[in-house]
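Enquirer: Sequence:
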Amino acid sequence: MGSSFSTAIDDGSPARSSRKRSPGLGELPENCLAMVLAHLDPPDICNLARTNRAFYRASSADFIWEPKLPENYRTLAKKLVLYEGSLECLGKKDIYAGLCCPVRFSGGTKEVWIDKERGGLCMLVSWKGMKITGIDDRRYWSYIPTLQSRFHTIAYLKQIWWLEVEGEIEFEFPPGSYSLFFCLQLGRPSKEQNRKCSSITQQVYGWNIKPVRFQFSVSNGQHVASEHFLNEQGKCSRYHVGDFVTRDLYKPTKIKFSMTQIDCTHQKGGLALDSVFICRNRSGTGR
3 MGSSFSTAID DGSPARSSRK RSPGLGELPE NCLAMVLAHL DPPDICNLAR
53 TNRAFYRASS ADFIWEPKLP ENYRTLAKKL VLYEGSLECL GKKDIYAGLC
103 CPVRFSGGTK EVWIDKERGG LCMLVSWKGM KITGIDDRRY WSYIPTLQSR
153 FHTIAYLKQI WWLEVEGEIE FEFPPGSYSL FFCLQLGRPS KEQNRKCSSI
203 TQQVYGWNIK PVRFQFSVSN GQHVASEHFL NEQGKCSRYH VGDFVTRDLY
253 KPTKIKFSMT QIDCTHQKGG LALDSVFICR NRSGTGR
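Residue numbers (my numbering): 3 to 289.
Bear in mind the hints are in silico, worked out from the structure with no lab data behind them.
Bear in mind that the values here come from a model prediction, so they are computed numbers and not experimental data.
C-beta atoms are modelled at their ideal positions from N, C-alpha and C, and glycine is treated no differently.
There could be a bad hint or two in this list.
No farther apart than 25 Å at their CA atoms in a straight line, the calculated lysine-lysine pairs in the BS3-like style are these [claimed, not checked]:
1) K70 to K80
2) K133 to K237
3) K94 to K253
4) K94 to K80
5) K94 to K193
Simulated restraints on C-beta separations [stated by the list, open to error]:
6) W163 to E68: 51 to 59 Å
7) R141 to Y58: 57 to 65 Å
8) K193 to G110: 14 to 22 Å
9) L149 to K256: 53 to 61 Å
10) F107 to P147: 17 to 25 Å
11) D265 to E119: 39 to 47 Å
Please put together the full structure from these sequences, using the hints given.
Expert: Structure follows, in structure tokens:
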């Protein structure tokens with residue numbers, strides 16, 4: 003009896019035809035899909051948008067992307083010439099995508115973009131935009147073309163007694179907490195992107211005797227200083243100087259930063275200076 007019952011169902015009996023297929027996610031209303039997508043990070047939203055048309059259409063809803071944009075995204079979009087027209091003509095998804103594309107300014111010495119995963123503002127300041135002691139004297143410094151830098155050139159210090167690097171940036175940082183790093187490398191960098199430095203160990207010297215002093219000051223009164231021994235050879239490292247907080251939504255924030263090793267009791271050499279990196283702190287408050 004049990005055998006005949008099973009056969010009847012397999013043969014297309016009414017019992018089998020009455021069974022309904024459960025709807026998939028792609029069959030849900032677009033507004034429901036959009037509400038689900040709103041809780042995801044941008045990379046996950048984009049990955050789901052590739053799965054089918056329903057997710058693709060739902061992923062364009064403005065209420066998904068507006069909370070992920072910086073609070074002053076209108077100011078940033080206009081400053082970075084994202085769109086020569088009214089921003090009202092663009093969807094929030096398009097504005098987000100546009101701000102994620104790195105943009106150069108200040109004669110190509112600075113670069114800014116929005117981190118596509120977290121939505122925080124990031125900035126690079128090239129060594130070309132800094133004031134460096136003896137930079138024009140080829141006895142001390144040389145300029146090395148390399149794909150290891152986003153600016154395609156690194157300043158390489160051959161030898162010097164007095165190292166002093168200064169720079170500044172003024173920009174409309176969205177409110178939040180940020181970290182500042184110096185991007186340095188011990189050893190002469192190679193021209194290729196993925197190769198380690200080609201420097202001989204003896205060409206790197208003087209950095210383990212006294213630490214390098216890093217500091218920066220912010221126009222809102224914050225000041226941070228730290229010291230690091232430079233001892234990691236063969237790759238570009240980010241030396242964390244410290245963190246700062248911005249709260250003004252529209253007023254530009256001015257940051258002055260420096261790196262010094264002015265102990266003239268010993269020479270120093272074999273250091274590659276790439277850039278200063280500023281990024282939104284993961285533990286920061288705000289959007």
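Enquirer: Taking the hints in turn, state whether each one holds.
Expert: Tested hints:
Of the pairs offered as hints, the one joining K70 and K80 holds, with about 18 Å between alpha carbons and a cut-off of 25 Å not exceeded. At most 25 Å may separate the alpha-carbon atoms for a hinted pair to count; K133 and K237 meet this at roughly 24 Å. As the CA atoms of K94 and K253 are separated by approximately 23 Å, the hinted pair is consistent with the 25 Å bound. Restraint check for K94 and K80: satisfied, since their Cα atoms lie roughly 14 Å apart, inside the 25 Å limit.
Pair hint K94 plus K193 does not hold up; C-alpha atoms about 39 Å apart against a cutoff of 25 Å. Between W163 and E68 the CB atoms are about 54 Å apart, so this pair conforms to the stated range of 51 to 59 Å. Between R141 and Y58 the beta carbons are some 59 Å apart, a value that agrees with the proposed interval 57 to 65 Å. At about 20 Å, the beta-carbon gap between K193 and G110 stays in the expected band of 14 to 22 Å.
The given range of 53 to 61 Å is broken by L149 and K256, whose C-beta atoms sit roughly 32 Å from each other. The hinted range of 17 to 25 Å is satisfied by F107 and P147, whose Cβ atoms lie roughly 22 Å apart. D265 and E119 have their C-beta atoms about 41 Å apart, which keeps the hinted 39 to 47 Å range intact.
Checked against the numbered hints given earlier, this structure breaks hints 5 and 9; the rest are met.
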